[in-house]
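Peer 1: Letter by letter, the chains look like this.
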Amino acid sequence: MDTVCKGSGSHLGNVMGIDQIHRNRSSVYMAESTDQTLIMRTRAGEANAFGQLVQRYQTSVFNVCYRMMGTRQEAEDLAQEAFIRAYGRLHLFDNNRPFGPWMRTVATNLCLNRLQRSSAIVDPLNDIAERLTTEDEGNPETVTVQNEDAARIHGAINQLPPNYRAVIELRHFQGLSYEEIARELGLTLAAVKTNLYRARKELGKRLHAHDE
Amino acid sequence: MTNDNMSEQHVDYTTLNEYLDQILPPEEQMRIESHLRACATCRQQLAELESLFSTLDQTPELALEVDLVEGVVKAISTPPQVAQGDTSNLSISWLLIVTQLVVSSTLLALVWPSIRRAASSNRLSDFAETLSSGGTKIWLQITTQWQQFSAIVQTLIDRGVSNVNSNTLTTTIWPDITLLWWLTMVIILAIICIAGNVWGLPGYDLKNGEGK
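Chains A and B, in that order, are what the protein sequence lines are. For the first sequence, numbering that gives the first Met the number 0 assigns the number 0 to the initial residue and increments by one for each residue that follows. For the second sequence, numbering that gives the first Met the number 0 assigns the number 0 to the initial residue and increments by one for each residue that follows.
If we strip away everything but chain A, and leave its shape as in the complex, we get (with noise of 0.2 Å):
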């Protein structure tokens, strides 16, 4: 039974869905094409290159969203139009860098910047359409464990404030150092540390008063 997991920084996980039919011909098109020549052939007038890209990162951007708005209506809407804002930055994107981490910090900060001009909250344990990517179908009782494991903690992250689950996306899922998340988020490398010290505070009382 495989598990996802997520390392610090990386995230390797072991995908289902829309993702795991593309995966296969993804293999095939990274002989072909890397992201930096998807990235050339998008430049050039190809929107069909950029499409390959968004094959590639879509589920891993739709987490992001996931994680940051906390339903999954919108967090789709958002994904697609991180996508689109994306095409229409990649003249400023340096292709020597690797595209998928700038494409998740596009989206967290478009995602925050929506949270930022609506003020609610949302609790992800009333979204009962999530499904979480595993192979282990066969075995409900398991998927089910994980479902309300992931509820439980997107819930929590939920009930963050929009700039603390900012900092949590950005350095623990995405795995950004302190001063990259000060550049991102435009602060000084001070309210980053408080603002992720009072969010892993918060986010630990959460989480632990569920557990009692």
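In case anyone wonders, no lab produced these hints; they're calculated from the structure. Hints are supplied without guarantee of correctness; some may be wrong.
Where chain B lies over chain A, by a calculated footprint (3+ residues, C-beta under 8 Å) [said to hold, decoys possible]:
id, segment
1, 49–63
2, 147–154
3, 192–204
Below are the EDC-like pairs computed for lysine to aspartate or glutamate, each with C-alpha atoms no more than 20 Å apart in a straight line [unchecked claim]:
id, chain 1, residue 1, chain 2, residue 2
4, B, Lys73, A, Glu45
5, A, Lys200, B, Glu17
6, A, Lys192, B, Glu27
7, A, Lys204, B, Asp56
Stretches of chain B that chain A covers, calculated by requiring three or more beta carbons in the stretch to come under 8 Å of a beta carbon on chain A [stated by the list, open to error]:
id, segment
8, 10–22
9, 41–51
10, 61–68
11, 71–78
The beta carbon of each residue, even a glycine, is placed where N, CA and C say it ideally should be.
Please build the complex by placing chain B on the supplied structure of chain A, with the hints as guidance.
Peer 2: The following block gives chain B in isolation, referenced to the frame of chain A:
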């Protein structure tokens, strides 16, 4: 099992975070490790923080149930069109331009007679005619000093000029400076509005995630 070392202060929460994030200087890192070996309370706090890190690291990702590729490729392939909202913004912009032009024209109409009077070099002939009709010859001494109007009138009366009033005298004083100032501001604003509509005003730009 070691006992709490009460001779040292406990590690504060911020330092514990920095220790786990490995951003402390090496000597500080070693000092903390040394303290942790001796202090069960701090070890407990560290363990809770580590547990939180682990929980976040192992948060399962959700499967994406829709394919974003088609929507994104369609959006980036479609030429930009003026949307409903854009049309209304365009209407507002033209309304502003027309308003600017009307206001500036009105102000210009108000100050124009003054400008004409000031710019005219022939009004003096009327004055000269008035002066001459009385059979009185006046020698006007040109001075760079500003004078009160009443002083000028008195000087002329003293010289025997009758029927001296503001209608028979002309001045080189510019029209009301306040009116001119407003006119200038309105014209500048009109130019900015027109330029903004022709070349496009800078729009709100989300961070592109690339950093500085």
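Peer 1: Hint compliance check: list the failing hint numbers for this structure, sorted ascending.
Peer 2: Structure breaks no hint.
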